[in-house]
Structures are given as C-alpha cells and as structure tokens.
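*Asks:* Whole structure, please, built from the sequences with the hints as guidance.
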Amino acid sequence: NLKEYWDIMEKYPQSMGAYVWDFVDQGIRQVTEDGVMWYAYGGDFGDKPNLRNFCINGLVGPDREIHPGCWELKKVHQPVKVHAIDVIAGIFEVENKYDFISTEHLKIKWELRANGVAVQKGEVPPMKIMPTEKKELKLTYQQDSNKKNAEYMLFIGFYLLNDEKWYVDGHVIAWDQFEIPYPKGEPETKSLDQLPAIEITESKKTLDISGKDFKYSINRKK
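Just so we're aligned, residue 1127 is where the sequence shown starts under our numbering, counting upward by one.
Hint data in this document are derived by calculation from the structure and do not stem from the laboratory.
These numbers were taken from a predicted model, which means no experiment stands behind them.
Note that beta-carbon positions come from the ideal geometry of N, C-alpha and C, so glycine has one too.
This list has only true hints and no planted wrong ones.
Taking CB as the label site, the calculated pair distances span:
(1) Phe1281 to Ser1343: 30 to 38 Å
(2) Val1298 to Met1163: 29 to 37 Å
(3) Ala1166 to Met1135: 30 to 38 Å
(4) Leu1128 to Gly1172: 30 to 38 Å
(5) Val1146 to Val1250: 31 to 39 Å
(6) Ala1166 to Pro1251: 46 to 54 Å
(7) Lys1348 to Thr1258: 43 to 51 Å
*Replies:* Next comes the structure, spelled out in structure tokens:
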C-alpha cells in the first residue's frame, strides 16, 4: 500500500510516514539435510521470546536479491511524474519532483505499444524543468491501422543522460504509462462449437479443469 501512503504525503505537506524500516532481510543461511538452502530468523534457533516476523521484511534478501517491494518503492518515489492532458493529441505535463536540481540530466524516450509490442517510438531532448515546476510535453504518434482492436499503451521513460558516480547513462530514473483510448472495432467472435473441449474432474479436495493448453486445479475448501 505504499502508493496510497504516498498519495497522502503529496496531498498534505504536513503529513509524515511510510518510512522504509529495513533495507535488507536479516536472515542467516541454513541448509536442510537434503541440501535445500533457506534463511533462518527469529525463533528458528529456539530463542524465546522472539518477534518471529521482525527480521525478514526488507527491500532485498539476505543474498541482496531484489524483492518486488524494492521496485514498487522506486516507482512510487520517482522524482519525475507525467500527467496526461490529452493522450489522443499527445499532450502531457511533466512535473519535476526534485527539490534542488532541474531535469536537464535526463533524456526522454517514449514507445507506443499495441498489445505490449512497440509499434512506434521516439526520443525527446532533455527538458529544463526547475525543481517543483511543471512543463508541457508534446509527442507525435498515431494509431496503427493494422491493429484496430489492440490495447494501446504509451510508455514515457526518463533515463540518465550521462554517467554519474552512482550509475551509468541509460539507467531508468522514472517512467509512466497511459492507455490511449483509440476506437476499437467489433470484437472477433467464435461459436462455442469451434472451441476445444474442456474436461472437468471433481474430487473431495479439488476441482480440476483442463483444456487444450491449460489445466487449473481449484481447492474446494479454500
């Protein structure tokens, strides 16, 4: 729920909270008798009392593997934000959320994606937007006539223009994406008789549904 916390932070200047408590999971590597590796923490060594879940709640694992929450934190805290004004016309507003520097160190790339595949792309020179200010961004793209029934999403990314002490150029600093509501034609329909058969098997524990390319097993109790 970090985004919901941050919505409050940005709406009310006097609000505080949503702090990151642990950067890394505080676990100690252990290996089972059959060679499976796992990380032990509060209570796993017979220690009482303990807080059980206190130590495995970081942004990265004990081995420094990134958890999904770390990517969420980067997205929610990104220092540049794009707001849609007229997505069909390609008009947006870029907000600099930095407190002390402009956005001149960031190059801008965009992609128009149809069903997740880039069909158009472009690059915009760095914009000089001062801290906490906003400026209009105009992009030029059009609907791909070959994909009338596709879902169109516009991706706008901000990348390091040059090497920094902490990372190399091309590193993604911020990004936003927007659905482009191009008009869609009538969806393709098929008769149920044309579709592969589905088999349903029931047991006391599960309901199993299988077809040509899939199988689902549903727990009847849970």
